[in-house]
Amino acid sequence: MPSMCNGVTWSLVAAGLLTVAAFAADKHKECRYNVAPGARVTITNESGPVDVKGAAGRQVVIAATTHSDSVEMDCVQAGNRIQATTHVLQHSDARDSRVEYEVLAPPDTSVTVHAPSGPITAEKLRADLTLEGDAAQVEVRNVSNAHVHVRTISGPVSLGNISNGHVEITSLSGDVRLDAVSGPKVSVNTAKGSIRYNGDFGEGGDYMLVNHSGNIEVTLPATASVDLTARSIAGSVENDFPLQQPSHPTFVPSPGRSFAGTSNSAASSVQLRSFSGKICVKKQ
Amino acid sequence: MNCAEFQKLLPDIMESGGNAEEEAHLKSCAVCSALVQDLEQIAESARLLLPMQDPSPRVWAGIREALEREGLVRPPLGTARFRPQVAALNPRRWLTGGHLLAVAALLLFAIGILWFTNHATQESRPVATASVPSAVAPAAIDEDDARLLTAVEQKSPALLPTYRENLDTVNAYIRDAQRRVEQDPDDMGARDHLLRACNQKALLYEMAMARFGE
Numbered sequence: 000m001p002s003m004c005n006g007v008t009w010s011l012v013a014a015g016l017l018t019v020a021a022f023a024a025d026k027h028k029e030c031r032y033n034v035a036p037g038a039r040v041t042i043t044n045e046s047g048p049v050d051v052k053g054a055a056g057r058q059v060v061i062a063a064t065t066h067s068d069s070v071e072m073d074c075v076q077a078g079n080r081i082q083a084t085t086h087v088l089q090h091s092d093a094r095d096s097r098v099e100y101e102v103l104a105p106p107d108t109s110v111t112v113h114a115p116s117g118p119i120t121a122e123k124l125r126a127d128l129t130l131e132g133d134a135a136q137v138e139v140r141n142v143s144n145a146h147v148h149v150r151t152i153s154g155p156v157s158l159g160n161i162s163n164g165h166v167e168i169t170s171l172s173g174d175v176r177l178d179a180v181s182g183p184k185v186s187v188n189t190a191k192g193s194i195r196y197n198g199d200f201g202e203g204g205d206y207m208l209v210n211h212s213g214n215i216e217v218t219l220p221a222t223a224s225v226d227l228t229a230r231s232i233a234g235s236v237e238n239d240f241p242l243q244q245p246s247h248p249t250f251v252p253s254p255g256r257s258f259a260g261t262s263n264s265a266a267s268s269v270q271l272r273s274f275s276g277k278i279c280v281k282k283q
Numbered sequence: 000m001n002c003a004e005f006q007k008l009l010p011d012i013m014e015s016g017g018n019a020e021e022e023a024h025l026k027s028c029a030v031c032s033a034l035v036q037d038l039e040q041i042a043e044s045a046r047l048l049l050p051m052q053d054p055s056p057r058v059w060a061g062i063r064e065a066l067e068r069e070g071l072v073r074p075p076l077g078t079a080r081f082r083p084q085v086a087a088l089n090p091r092r093w094l095t096g097g098h099l100l101a102v103a104a105l106l107l108f109a110i111g112i113l114w115f116t117n118h119a120t121q122e123s124r125p126v127a128t129a130s131v132p133s134a135v136a137p138a139a140i141d142e143d144d145a146r147l148l149t150a151v152e153q154k155s156p157a158l159l160p161t162y163r164e165n166l167d168t169v170n171a172y173i174r175d176a177q178r179r180v181e182q183d184p185d186d187m188g189a190r191d192h193l194l195r196a197c198n199q200k201a202l203l204y205e206m207a208m209a210r211f212g213e
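Residue numbers (numbering that gives the first Met the number 0), protein chains in the order written: chain Z, 0 to 283; chain V, 0 to 213.
Bound-form chain V, shown alone (with noise of 0.2 Å):
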């Protein structure tokens, strides 16, 4: 089995666990058992963080009214059906469906948007507990990455400063946009920047895993 295989297995392995040959793979390949580990680690701070982002009845309701207001969706005939419409969008569903966990490319995005959900919850907490370390380590990302040039290296050494420069083209945008939405956080602008370049280093990783992943 190779990577692409196993990742391409990667949802049904997460929820109802490998066979033999899968595991042998996970066991075998430094890349897989890294990307499996942060995928877990990502959905367990997710489910942390669920109830804070679950809205409220009243947001439904809203959310409704705003929808019918401006003809995007009709008024319930009878019983109010919307909310668990929308609740198919709700994080809650994909995140336990196991389905997010299937693509690598996803990775970075998730933890672009745990990272918002952390900063976010950390300006409401005591100063005290602002020293808790966030739901996403940088220093996985660190360790994935030099992962990622030791993986490329060792099946084409060629490329490792083609895919060392664009990793550092991607971290610094990454920073940047980090450091600007730490900033203000109200800019949209920003928040949209960081999650394009989280997009952008999941790109390469995807291509890294694809190419170099066997």
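So here's chain Z without its partners, still in its complex pose (with noise of 0.2 Å):
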């Protein structure tokens, strides 16, 4: 029974000398420059999350922890220009070329960001925002009178409340959803990835989503002011939301695989196009 008591004790003792080497690797660096209106900020990681906030003040603080010697994070300041780049000094394995990145800066700040695996979040920022990645998960929260440019391979890319922005989205197998976002111009594109749309579609805008073999679900209230097509060219459409046949059609609608309609004034044009998804519209 000591024997075991011992063994037990010295394996706790080993499991924490372990985690404690694995936090005295951790190391934080930590950049702040002060910026003017309309600053740009461009990050690129490799490898980890980055996370990109809004925050009152005229300064742009880039905070990142690295998990080991094989990587570092390197901070320049040109200007109004500020660009974070983790090199990798040597390949390694995922977790020691992991950086995770937390930015803050004015919520004018235009941000690029490019990690291949992510996550990339962003949130309370009103400037342009290009988020790529790979396999990133996308996230866009809270975000108004900006451009947001997404792009992804397969990762699914979700944005809500976003008003009166120039979206636009383009990934090929990874998920797409949009929650209250509207603007004068909102393009989704996606092959194999599913797109879900819920809101109102804003006041004058034009929307487009299209994908290939995903489904396309657009819900939205009875308020909403819309002027909708929807075809799908080899899969089906369904239609829940009461819509008025329109005084000038662009096309023949084709029973159950394309329908158009208004609603109230007809402010947004609605488009959703899939060539062998189903494309089901419903009311809120």
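Treat the hints with care, since some could be wrong.
Computed Cβ-Cβ distance ranges for the label pairs, DEER-style [what the hints assert, rightly or not]:
| hint | chain 1 | residue 1 | chain 2 | residue 2 | range |
| --- | --- | --- | --- | --- | --- |
| 1 | V | D185 | Z | K28 | 41 to 47 Å |
| 2 | V | G16 | Z | L88 | 32 to 38 Å |
| 3 | Z | E71 | V | A209 | 20 to 26 Å |
| 4 | V | M187 | Z | V87 | 45 to 51 Å |
| 5 | Z | Q58 | V | K7 | 43 to 49 Å |
| 6 | V | A19 | Z | V87 | 28 to 34 Å |
| 7 | Z | E237 | V | E181 | 25 to 31 Å |
| 8 | V | A19 | Z | R94 | 38 to 44 Å |
None of these hints come from the bench; they were simulated from the model.
We put the beta carbon where it would ideally sit given N, CA and C, even for glycine.
Fit chain to chain and form the complex, with the hints in mind.
Quick look at the structure:
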């Protein structure tokens, strides 16, 4: 019995030492820069998350946590442009090459993020956002008066509470979800990914949601003011929303494959296009 | 010199030839070499098609009248200057300017355009010439896919399944849209899907080259 207790004790001690060693390897680096309105920040992170938040003041703060000596973060400022880049000093496993970024910036800062594995999050900003990641999950929240460009290969994309946005999302197989996203131009293109839109399409915007084989699901309130067309070439369409027949139809609807209609003053143009997926329009 | 730097300078390289450093990179990099080869092939094919795409003066006059009717342009005050303005959008200018060649993302978009044109012209050809290889041979695209996957495998093996799966996905998209356009050449929706599918493939290449091109 005593020998068993000794074994357990030594195991706990060893585990503790390993944990301490792991945390001891973590390094935190922080860069602070004063910027003028309209600054640009570019983050390039080979492995790990990038989290960008709008914050009061005129300072950009970039904090990075590394977990080994095989990577380092480098920050530079040139005028009103700031660049933070992860440099891989020697190739190592996923954990050792991982760097976590947290960025605080004035809301009017344009932000570009390249983070292949992500996730990438951005919120409380009102300037251009360009977010790219191969498999990165991308999430954008509470952004207004901004160009939002998101490109992923397989990473899912989620946008919420975006107003007056020029939104352009392209993903091959990532699912795309838009909640309360409105603006003059909203465009989503996926191949296999599904597209979900939940909101009222704002006032006077052009919305184009297109995919190949994924489903497109749109849920909108009765107050939505839209001129909506939906067509699935080899898939199907379903409509549960009360639409009026347009006075000047742009195409002849084909039952089960396409439909068109307007509601209220038809302020926004909404085009839903799928090649072989199912398009479903629902009332909230 | 890495791939990103090389591709940034590609318009000048294509137009005036590269220096020793650029040529050295081109010789040592299979990805950039394949890209240049494809772009040259596309540019050459496009030049051959240009005479067929150039509308007659009557078409320009019709476009001008329609735009004037819609109030989108003002009638000319003196000598008609409309055609040169519209000609700025004419493919002849950007194809010979070389700037099109700079953008790898446009590679597959151009393939889509050429495919449309080729398809349209094939319809009016005699049956005997129908077996002439198309302006863009599908086999060339397959070779590029193989090169891309090889580059991904060498630089980041863990991502190989993701790239392979998404290449399959986008190729299926292109094939479906192509078939549909062949069945119904007047289906503008299918044509739009084909262009979007080509753009998606361009995106895949662009992202891969930005990451694995060096």
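Evaluated hints:
1. V:D185 - Z:K28: 41 to 47 Å: violated, 60 Å
2. V:G16 - Z:L88: 32 to 38 Å: holds, 37 Å
3. Z:E71 - V:A209: 20 to 26 Å: For A209 of chain V against E71 of chain Z, whose Cβ atoms are near 21 Å apart, the range 20 to 26 Å holds.
4. V:M187 - Z:V87: 45 to 51 Å: Distance hint for M187 of chain V, V87 of chain Z holds at roughly 47 Å.
5. Z:Q58 - V:K7: 43 to 49 Å: violated, 32 Å
6. V:A19 - Z:V87: 28 to 34 Å: Once the Cβ atoms are compared, 29 Å apart, the range 28 to 34 Å for V87 of chain Z and A19 of chain V holds.
7. Z:E237 - V:E181: 25 to 31 Å: holds, 29 Å
8. V:A19 - Z:R94: 38 to 44 Å: Given range 38 to 44 Å: holds, Cβ gap about 42 Å.
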